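Work out the full structure: start from the sequences and follow the hints.
Protein chains: 2
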Amino acid sequence: MSRARERREVLRATAAERGLDSVLVTNLLNVRYLTGFTGSNGALLLRVDGRDLFGTDGRYTTQAGVQVPDVELLVDRATVPALAREAVRRGSGRIGYESHDLTVDGLHGLERVLADAAAGGPVPELASVRRAVEAQRAVKDADEVESLRRACAVADQALAELAAEGALRPGRTELEVGRELDARMLALGAEAPSFETIVATGANSAIPHHRPDRTELRPGDFLKLDFGATVEGYHSDMTRTLVLARAADWQREVYALVAESQAAGRAALAVGADVVAVDAAARDVIVAAGHGEHFTHGLGHGVGLEIHEAPGIGQQGAGTLAAGMAVTVEPGVYLPGHGGVRIEDTLIVTDDAPELLTLTSKELLVL
Amino acid sequence: MSRARERREVLRATAAERGLDSVLVTNLLNVRYLTGFTGSNGALLLRVDGRDLFGTDGRYTTQAGVQVPDVELLVDRATVPALAREAVRRGSGRIGYESHDLTVDGLHGLERVLADAAAGGPVPELASVRRAVEAQRAVKDADEVESLRRACAVADQALAELAAEGALRPGRTELEVGRELDARMLALGAEAPSFETIVATGANSAIPHHRPDRTELRPGDFLKLDFGATVEGYHSDMTRTLVLARAADWQREVYALVAESQAAGRAALAVGADVVAVDAAARDVIVAAGHGEHFTHGLGHGVGLEIHEAPGIGQQGAGTLAAGMAVTVEPGVYLPGHGGVRIEDTLIVTDDAPELLTLTSKELLVL
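If you're matching them up, the sequences are chains A and B in order.
According to the working numbering, the first sequence is numbered sequentially starting from 53.
According to the working numbering, the second sequence is numbered sequentially starting from 53.
No lab work stands behind these hints: they were computed from the structure.
Just so you know, these numbers come straight off a predicted model, no measurement behind them.
Please note: incorrect hints may appear among the correct ones.
[Stated by the list, open to error] The following residues of chain A were derived to be distant from chain B, with all beta-carbon distances above 10 angstroms: (1) Ala65; (2) Leu125; (3) Ala170; (4) Arg201; (5) Glu213; (6) Arg224; (7) Glu284; (8) Trp302; (9) Asp326; (10) Ile359; (11) Gln367.
[Said to hold, decoys possible] Just some of the chain B residues that point at chain A, by a computed CB distance under 8 angstroms: (12) His261; (13) His262; (14) Asp265; (15) Leu387; (16) Leu416.
Virtual Cβ for every residue (Gly too), placed ideally from N, Cα, C.
If you want it as structure tokens, here you go:
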């Protein structure tokens, strides 16, 4: 059974439990997850009776045949209405839909189509499935973990090459470094950077999500790199903070503190651990050192087909970790006007110690 | 008065006409258009009484101060609910919202917030404004036209440089050419390519939206390049089809036909022209030559903050052109298994002849 098929069977069981006879999946990443389809327009009618239907438009007929060989295909420019009509034809009493994805106009359109298709007969009820597919996606299967491994390896390799070639030297600008990092990831097989690469040097490193500009790298400055590669749709996410030429004592102290916090966060990743407790494990280290106010964001987040997905790991989070979840651990200490350090890994939660996917050293590198 | 302010005054008049006392603008591009804000989270409460409020979260406090100096700022992580509460506090009977943008969950959340904020008093009614801002955006003001000019100039220059340097020669792959074109546009100041650059050679050129792969350029083959640059958020869009080394008679014939059709389409761009008639002006040329079935898409589309926006110009379109609209004209003839030609410009509709923004020659270039 293909991976996509296995995933559909899990959703089918969820649908049956909830008393739905079909689920109309419209979120494109959820469609990709459940079918393997990578085009820009597609939707899935998943049915408890197994008579699933994948819908797309004429641009993707060939691609759908290759990527989704095991689901019946419906080609129609108005994909979602066409699937809804077919849901009525195949018999539906209660259809699940994704209320976090469908717009208000989309829902009204769907209601009209169902009423028309019912042609005077009983009109199926629409019921939100909430984030059922996202919840399923939080736990990765073996293929997904393998894609994440590759994505992380590309980022590791790109940074190693840039460092080895002396590309991270005083006089270069943040923009130049960011573009070279992106180009290197593409050359190594990434489909795209995971997000807009963050390169922040000197005082800019104290801004958690600084956008690279023409600031030049200078000796004695921090250089914070937060970046990732997308491979087979899966996103890696890694932050490393280096120092150029020489490290001052205050820089070594902040770095050691963040590294200790990050190690504590990684150690807290265990099956059943509460996400708030995982955040606290790392945060307590920084708070105890008197820098609590300088760690201004959550500890981490899930990664996969999206760069930010379930579970969130932070003070406002909820829920516990499960084996197979892919998450980041990324504490930071930011001293406004001076500089900041963040250290971030992507890891897989397992029944034993978490599997580290971003393998670049976390020793303080003085380049 | 700033451009953003002028745009808000137009929307304010629309809101008043429709009996709304405020409009909650959630579509991020519409927010950008109406405020100048370029961050990833922001919403605008526009009020007929002039007491507008721009909302964003703490990451963007500084940026909002710089980009949106003339609108009162509200900083709240839950931006839209916070604006809705403030709409009640400032007095609202009927609030417009964007039903094509807001999700079903988003609307339900908004309804709850309004009911809570009303605290037993009258709860404001929510009414869709439909695509009021998109309709306004279809007609560009002078600043927008200038951004589009720059975006088109970057694309023109990037292609000219690649051609001059011999980068479009047999032996290179589609992927290599695409990446060089993208890199050149970035180096020339583009924020990003307008969309995934299309490079299609040989038989691939017969696929309207072929994704570049490892196919090598070969002498005697068509090379179709469909690409654009984003500058200040505005997208250019241009297609040119070249021939490598030598052009066969059939290639010259197809090229001349598409060029004639494209010229007819451009000539039909006039204030008041029906979009279906504009499509027909270009399509009739191709149909008369017996290739109607090989022109498989619409003639063009609006461009601006989105690569595809209003107005659509095609057989299924509706409406007429107005001065200041930015549109593409892009007929194509695709001969499956052999090759295809598309020629596309970005132009501004004016009271006189349309202003051509993509200035690269449309003579058949044999490289």
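Q: Any hints from earlier that this structure breaks? Give me their numbers in increasing order, please.
A: 13, 14, 15 and 16
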